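Sequence order for the protein chains is H and E. Position 79 of the first sequence, counting from 1, maps to 87 under the numbering used here, and the rest follow consecutively. Position 43 of the second sequence, counting from 1, maps to 66 under the numbering used here, and the rest follow consecutively.
Don't take every hint at face value.
[Said to hold, decoys possible] Derived DSS-like pairs: lysine-lysine, alpha-carbon spacing no greater than 25 angstroms straight-line:
(1) H:Lys61 / E:Lys198
(2) E:Lys99 / H:Lys97
(3) H:Lys406 / E:Lys198
(4) E:Lys127 / H:Lys406
(5) H:Lys410 / E:Lys119
(6) H:Lys94 / H:Lys82
(7) E:Lys191 / H:Lys410
(8) E:Lys160 / H:Lys89
(9) E:Lys160 / H:Lys406
Read the hints as simulated data drawn from the structure, not as lab findings. Predicted model, so just to flag it, every value in this text is computed and none were measured.
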Amino acid sequence: MSAIPQQRRYKLTDEVDFLIIGCGASGSVLARELSQSGLSVVALEQGPWLDRKQFTHDEYRVQAQSLLTNNPQKQPTTFRKTPKDKAVKQPAFVYGRMVGGGTVHFTANFWRFHEIDFIEASKKGTIPGTGFADWPITYADMEPYYTKAEWDLGVSGQAGVSPFDPPRSKPYPLPPLPVKSSGVLFEQAARKLGYHPFPAPMAVISQSYQGRLPCAHCGFCAGFGCEMGAKSSPLPSMIPQAVATGRCEIRPHSYVRKIELNAKGRAIGAVYIDQSGKENLQRAKAVIVSSNGAETPRLLLLSKSSQFPQGLANSSGLVGKYLMFNTFSIAGGTFEHPLNEYKSVEVTRILQDFYELDPKLGFYGGGGMDARFLWNPISFAVAGLPPQGPQWGSEYKKALQKNFTRSMYLAGHGTSLPLEDNSISLDDTVKDAWGLPAMRVTYKDHPDDLKTQHYFNDRAMEILEAAGAQERWKYPVEESTFAYHLLGTCRMGKDPKSSVIDADHRTHDVANLFLCDGSSFVTSGRGQPTETIQALAFRAADRITSLAKKGEV
Amino acid sequence: MDSTRRTFLAQAAASLGLLYLSGLTPELLAQAHEHAKTAPRNLEGQPFRYFTAQQAADYEAFASQIIPTDETPGAKEANVVRFVDFALSEIEPQNKTDFANALKALNEQARKTAPQEASFAALTSAQQVETMKAMEKSGDFSILKNYTLIGFFGDPADGGNKDQIGWKLIGFEDKFYYAPPFGYYDAQAMKERA
């Protein structure tokens with residue numbers, strides 16, 4: 009299944025200006041920005057290049073066949089809680105494995121970070137036993153790129169409503185999507201309790217934008233590709249624009265196994281396995297890895313050599329470390345009348361009153377909350393009802409019948425502290441379908457991250473009560489064993505001893521090797537990393553272009 | 024264009040008033056959704072590819088306890104067994120062994136409930152419920168139950184959810200497009216604003 013349009017083709021021996029590895033949230037942005045700046049680009053993507061006409065609503069098949077995501081059959085992972093435990097083979101995360109990456113199937117929550125997210129350690133003090141640190145860049149550095157991300161990708165929202173919103177140079181390009189019943193109930197209840205709910209910023213276009221069709225409210229966002237092209241993933245925006253420059257080739261089904269260096273320690277390109285199983289070396293003057301917070305460190309670890317025996321660009325020993333997942337807590341409620349939450353986007357109202365929790369509570373944490381629906385029909389039947397009620401039989405069937413249209417959920421999205429033991433490493437005992445070592449995930453939430461989730465669930469229960477929910481329930485808070493957000497594994501910083509890349513996304517160790525994706529994060533932010541990943545990519549593109557034009561790459 | 028799609032497009036065109044505001048027209052919607060719907064798959068009357076007749080009978084009995092046929096149709100009428108036979112043959116062959124082991128575990132538990140009976144399907148309904156309660160926390164039970172739910176609530180394109188029995192039960196329509204208001208409370212809010 010592939011829908012590759014006419015595009016510029018490069019030969020393997022063509023030394024392109026930039027080879028980008030990974031064509032998702034950040035790689036697509038870099039491909040478009042660099043090629044529009046006049047640079048030649050090859051972007052390698054391990055997954056397929058699908059067209060929106062290939063997306064369906066088949067809830068079972070999309071998941072069972074990993075149509076949009078990494079395939080646990082072909083790409084096994086192992087998991088353990090601490091380095092002392094034996095890692096067990098089990099799926100540990102899901103990521104987008106296609107041109108466009110995870111933004112093709114994401115929920116489309118599109119939150120900026122706030123000022124505090126970049127400078128927390130200096131404001132709040134370090135936290136013993138953690139790698140809590142400031143970023144080498146600030147919100148002010150990022151603001152123009154948040155704005156660019158919102159306008160170039162197409163984001164619906166309403167600026168100036170939340171008193172907690174960080175300063176912005178421009179409003180959202182599109183008005184908010186129509187409010188759903190969950191948004192109305194949440195907004196009324198939250199206001200009653202003195203909070204400040206506001207329209208959710210969503211990377212879904214509420215009106216036609218840049219020649220793209222708007223949202224038709226079909227309700228299949230999270231987990232699905234948008235058949236309208238209304239979800240603002242790079243697939244309908246960055247990718248065609250990159251191709252249109254005539255300087256960018258997007259090469260799907262290209263699974264990179266090693267970045268090659270020359271004797272001087274400069275990257276000369278990357279070896280990838282194509283769809284036929286053949287190995288190729290694509291030459292380039294510089295390499296950017298944008299393969300996500302799991303695959304980027306893995307590729308560096310796979311690229312070890314005599315020059316870099318513990319992994320490429322890993323003189324700090326930190327490649328793969330400080331993995332952060334973001335916390336996610338959920339409470340549910342049922343209501344007297346139908347909400348029909350299966351229609352339209354998952355989220356229409358959020359609040360950020362708990363962005364920074366009071367240190368007097370005795371733990372570090374904070375985040376945002378949204379009102380949403382989490383399910384399609386199958387997943388609702390599996391997990392949408394209160395866990396204490398009947399789970400099969402006639403009573404269960406009646407509960408499904410009554411509550412599918414009458415349920416809503418409040419989700420808390422919060423901080424994860426960076427811990428050195430939490431990591432991506434290679435597991436030499438398990439191989440993937442290409443014979444390469446599988447990823448081993450080591451992860452145990454910091455106790456404060458669990459306390460944050462309990463705090464959010466308690467507030468969610470109060471809001472559900474104020475909203476008049478008939479039944480209310482919390483889903484249990486448990487230590488994470490599976491992730492949707494993959495952050496922090498090649499952190500950005502000034503000191504080569506305590507970070508992997510500098511503020512320009514250049515690795516401290518290899519002058520023409522750059523990393524840009526969720527792995528660049530220093531701290532986790534508040535649960536919605538995608539806009540920051542993409543704003544980082546817009547900023548990195550500016551920095552890298554300027555270095556390239558000065559001959560400093 | 025099949026008749027379902029034609030009906031869908033006609034419905035879309037009829038209630039498009041609000042959507043015009045967002046720039047959508049019936050023509051644009053029609054183009055966008057031309058590809059996205061797939062026809063239901065009817066496997067009735069065909070020989071089983073994965074199940075033996077005995078396994079099919081045992082699994083149908085199990086699925087009918089998960090989603091019984093009562094005032095409304097249940098797993099049996101939705102062709103859940105047909106779906107699972109198709110899914111394990113075509114979509115997830117890697118799960119064949121786990122599923123077979125789970126069915127075996129069900130029958131072993133059934134023999135503990137009623138040693139004289141040949142298999143789960145032969146038990147009385149009360150005995151079946153007793154058997155299932157004894158194993159409802161197990162991974163085997165989850166495998167068997169989840170496939171019932173997928174067959175009952177999944178896309179009819181995969182051979183289950185016959186006539187959208189599952190979707191009709193819970194009030195889900197896969198219409199590909201909706202206009203606000205979506206539910207009772209946003210409709211109320213809309214009225215108050217007006």
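Hints not upheld, ascending by number:
2, 4, 5
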